[in-house]
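Using the sequences and the hints given, assemble the complete structure.
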Amino acid sequence: MLEVKGLCKYFGGIRAVDDCSFTVGKGTITALIGPNGAGKTTAFNCISRTARPTSGEVWLDGERIDHLRPHKITQKGLSRTFQISRNLADMTVLENIIAQSKVHGWRDMLKPAMSADEIDKAMDLLDFLGITRIAYEDGANLSYGQKKLMDLAALLMSDPKIILLDEPAGGVNPSLLEKIVADIRKLNERGMTVLIVEHNMDLIMRLSHRIVVMAQGKVIAEGEPSEIRENPAVLDAYLGGVLEEAA
Amino acid sequence: MTMAINDTSSVLQAREAHNAKLASAHDKTRVIWFPVTLLAVLLILPALQFAGNYNYLLHLVLFTACYVTMASGWNVLGGFTGYISLGHNVFFAIGGYFAGMIFARYGVSTIILAPLAGLLCAAAGFLLGQIMLKTRGPSFIISSLALVMIARILLDHWQFVGGANGVALPANDLPVQWAKLPYYYAFVLLAAFTVWACYKIKHSKFGLGLRAISKDEIKAESAGINTRLYKQLAFAISAAFVGMAGAIWGEYLTYIRPNIFTIILVSVYMVLMCILGGKGTIAGPVIGAILILAFNEFFVATLGASEINILATGLIMALVLMFFPLGIVGTLAKAGRLPRVLNWD
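Protein chains in written order, with the numbering used here: chain B, 1 to 247; chain H, 1 to 345.
Derived by calculation from the structure, the hints in this document are not laboratory data.
Here are the simulated DSS-like cross-link-like pairs (lysine-lysine), alpha carbons at most 25 Å apart as the crow flies:
| id | chain 1 | residue 1 | chain 2 | residue 2 |
| --- | --- | --- | --- | --- |
| 1 | B | Lys121 | H | Lys200 |
| 2 | B | Lys76 | B | Lys121 |
| 3 | H | Lys200 | B | Lys102 |
| 4 | B | Lys72 | B | Lys161 |
| 5 | H | Lys334 | H | Lys215 |
| 6 | B | Lys26 | B | Lys218 |
| 7 | B | Lys186 | B | Lys76 |
| 8 | H | Lys215 | B | Lys72 |
| 9 | H | Lys134 | H | Lys215 |
| 10 | B | Lys121 | H | Lys215 |
| 11 | B | Lys111 | B | Lys76 |
| 12 | B | Lys26 | B | Lys179 |
| 13 | B | Lys72 | H | Lys134 |
| 14 | B | Lys72 | B | Lys5 |
| 15 | H | Lys21 | B | Lys121 |
| 16 | B | Lys111 | H | Lys200 |
| 17 | H | Lys215 | B | Lys102 |
| 18 | B | Lys26 | B | Lys5 |
| 19 | B | Lys161 | B | Lys179 |
| 20 | H | Lys215 | B | Lys111 |
| 21 | H | Lys215 | H | Lys200 |
| 22 | H | Lys21 | H | Lys334 |
| 23 | B | Lys5 | B | Lys76 |
| 24 | B | Lys102 | B | Lys186 |
| 25 | B | Lys102 | B | Lys26 |
| 26 | B | Lys76 | B | Lys161 |
Structure representation (structure tokens):
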């Protein structure tokens, strides 16, 4: 469904993402892992076009999307969250979520900001995530975990085909983590394709169908969780082999 | 142990009450009668002319309405979208010169030409936005200042529009008692229309997108909002309102000259009014315009037309902003203390 071919992103001489290729199958949960600085978030940014890739191609459902502007990509059905939750202060959670709903053309722009249908839909999403009670809270007053959940709700508002989650469990307490895992699994059971960047190995091993391992901007391994667990290259990357090589 | 349980229940209760309060604040219905009555009073105000000479009062209302229009227009870009422009007097000038020159040559009243001037300014704003909106924050402010300087130099040297001397426009031939009336009605209705349009914009999908842009442009873009188009449209709309005010202002003064339209004070006034009243609110620019012009008029009357009156107005502004950092309307709304008659948002 999502295909990344030879993606490169250089910052001056630094090759943050270097000839990275992988695919995400429809209806699967694919995890992108790797040590800090491996280029996972940069790859994410290049896919969602928040950053401009130096070279390479990104295909979504047989359509090349790497030259589109970010809002077009979102409208094509690829939505993402950010590692450090970005939310809109001075706007209620409901407004934060509805801001993400689809707007088509001029006529939609003149419609009331929040129609009854959209409020219902947003409330259903909040209900699905179990945070209906914060619907009218200011987006800036939320706790870290609530922000992560709100991001997820906002993401779903645009009816995406594939969602990119950047560290959905980063800095979240264990019980909320369980909840987020369950939510992602529930979404996936409904047919949502998920690409996830995460450091929490336990979560990754339980949740994902496929794992792509990156180190120093390159994909070093790809496969099922059980294969990855035993792959020597992966262990090497995590335990510092790459660093020795660099030194 | 029971103590602990009691504690949590009280916390939960407080939480519930808090949520109920937030939800009720959210669906609060608007007090429509207040702005409507205000408008009605302003519309019948000129009847005072039957009782005596109230031209000064009419001038003040007209002047305030002009600035309400401009500040509200500025608010679409500066308040909703978060792009502080100090160059909006350029659109005041474009509107004024466009309508003024046609009025001088062909005698078509600027009141009729105002919507056309608005369209011209919208087009100019859209195109200038294409260039200027690539910058953000302080760079955008500086680029807007550059726009003012360019406009000033152009108008000072463009002999077709009179250069630095400007062009005198014919005064209307109504008796002095009624001479202000057409402009008075034009400005009051224009101001009312602007405030209404701002309300509509704020409550549309477009307005929600603009507010998202003002908070976090990258997030807005990744949320599926075409930020470039939205920003340019916001620039165009705010330029249109300022341009319409400029068109009528020229004929009212019976004179168009660069140093009426392109002095920085005009755009500074727009910014200060929005900041004083509350950026991004609907009532804010209205309150700000009324207060600043009232202070100004009061201090000119008591301290004389020297620099001291500007100093006094500035001191009052600084004091108000110390206690109302988000502007009067913005701060009161945040604290939940905004009188319902002023909640136009």
